[in-house]
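K.L.:
Let the sequences and hints guide you as you build the complete structure.
In order, the protein sequence lines correspond to chains A and B.
80 is the number of the first residue of the first sequence in my numbering; add one for each residue after it.
5 is the number of the first residue of the second sequence in my numbering; add one for each residue after it.
Honestly, the hints are just simulated from the structure, not real lab data.
Just so you know, these numbers come straight off a predicted model, no measurement behind them.
Some clues are possibly wrong.
Stated by the list, open to error - So these bits of chain A aren't anywhere near chain B, every CB distance computed over 10 Å: (1) Q172; (2) D220; (3) L233.
To be verified - Computed from the model, here is a short list of chain A residues facing chain B with C-beta under 7 Å: (4) I115; (5) L184; (6) G211; (7) S380; (8) H381.
Glycine is no exception: its CB is placed at the ideal position from the N, C-alpha and C atoms.
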Amino acid sequence: MQTLLRTPLYDRHVALGARLVPFAGWEMPVQYEGVIPEHRAVRADAGAFDVSHMGELVVEGSGARDFLQSVLSNDVERLEPGLAQYTLLTNEQGGIVDDLIVYELEPERFLLIVNASNRETDFAWLHEREPGDAEVHDVSDDYGLIAVQGPRSLERLGLPDAPAFTFAEGEIDGVACTVNRTGYTGEEGVELLVATDAAGELWDRVLERGVVPCGLGARDTLRLEVCYPLHGNDISPETDAISAGLGWVCALETGFTGADALERIKEAGPEQKLSAFVMEDPGIPRQGMPIVEGGEVTSGSHSPMLERGIGLGYVRAELAQPETELTIDVRGRNRRARVVKKPIYSREES
Amino acid sequence: MAAAESYPEDLRYHPEHDWARVDGGEATLGITWFAQDALGELVHFEAPEEGATLTKDQAYAEVESVKAVSDVIAPLSGEVLEVNRAVADAPETVNDDPYGEGWLVRVRLTDPAEGDALMDAEAYKQHLAEQG
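P.N.:
As structure tokens, then:
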């Protein structure tokens, strides 16, 4: 049996009474008080998530920018020091090896924050392809990462406003960290990158400011309500970026790996589209359930904000229109659902 | 909200974490504190139809939390006389009061003698301890 990895905050999770579960090889808190109250805390106030399991890769060298431009889907040329970008690592077919955020630290030095489950794959992918004038390092063990998300997160942390996808060195009550204006909940917030040995102290300071500790359970329901795809569920090396609705992060003109394949899919129109749906009938869709009209659920859960089942799944393009009726096979029972415009939940409409 | 851990003395328990309150030829059924705690806050109760037949040790309903779904196992055989609509409408009632307001169904027993095979509270608590 493989031993599960533990983040620098493990002892704190245990002390807080978290329910710990295996996730991507890590022993992670799925909930403290409960998924629903934690979810609501993030929508109404502020919640803190230990996401230290995520991977951090540094790509550096005089050729780093050109190298990343050739392997990442978004336009790296639009970055400058202090700016970050959501992007995809793609294969020759336009399939998604991983989705990640790239940060320009210095003109020849970039940080990639990647999914925990893909850390080794991404490193190997980049290492195999790195040119002589660029080098990739896995620095994941050097850092903890704490996401603080919610409409009151900046106020709670005493941080000024800043545009999304920017970052800067900062501190919270004397604990130094990099403050990234990024997140995975659809709410305003930050992700704090901190030296491993200071992560525990930063977590304590954040919670002392009234931020609610939240587990991966709430992280999943929050991201699903705003239709952020989860790699391994909704996107994978077998699903292409256009069908996944991620064409907006594909700068096809840069000629990155798989750009020509994606260009063909875009021109022909994707056969299937990753669509969001809300249950009309009782019942909760779950990953892997068949969609009777064709396709299957890639992510499904109960929405704490809508108080009904919601999900994502690939359906034929003509069924991807909002208001289309779908039928989800919920353990042998046909239950009606309706395609909705993404995101499923937004503050403005509720 | 969530109830404190308890296993009332007047109930009979099934190893799959279900309870029965037997009253002559009828019984009220539900899930134990342990079961609701393991699941977390319930968000859906997939109830049987009234008149449906329950077979001891077989699934007759489903309960779901945000993260998980679980079959509910019949501790006794019988016919469903009544489904708790309050739980269908507000499944978290089970978390708040698993042995009271959070009952799931009322049944007419096919064979009241089946109850002899169920555990009392002490035996069930021992069963939980052995499960670790």
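K.L.:
Okay, which hints does this one fail, numbers in order?
P.N.:
Hint check: 5, 6 fail, others pass.
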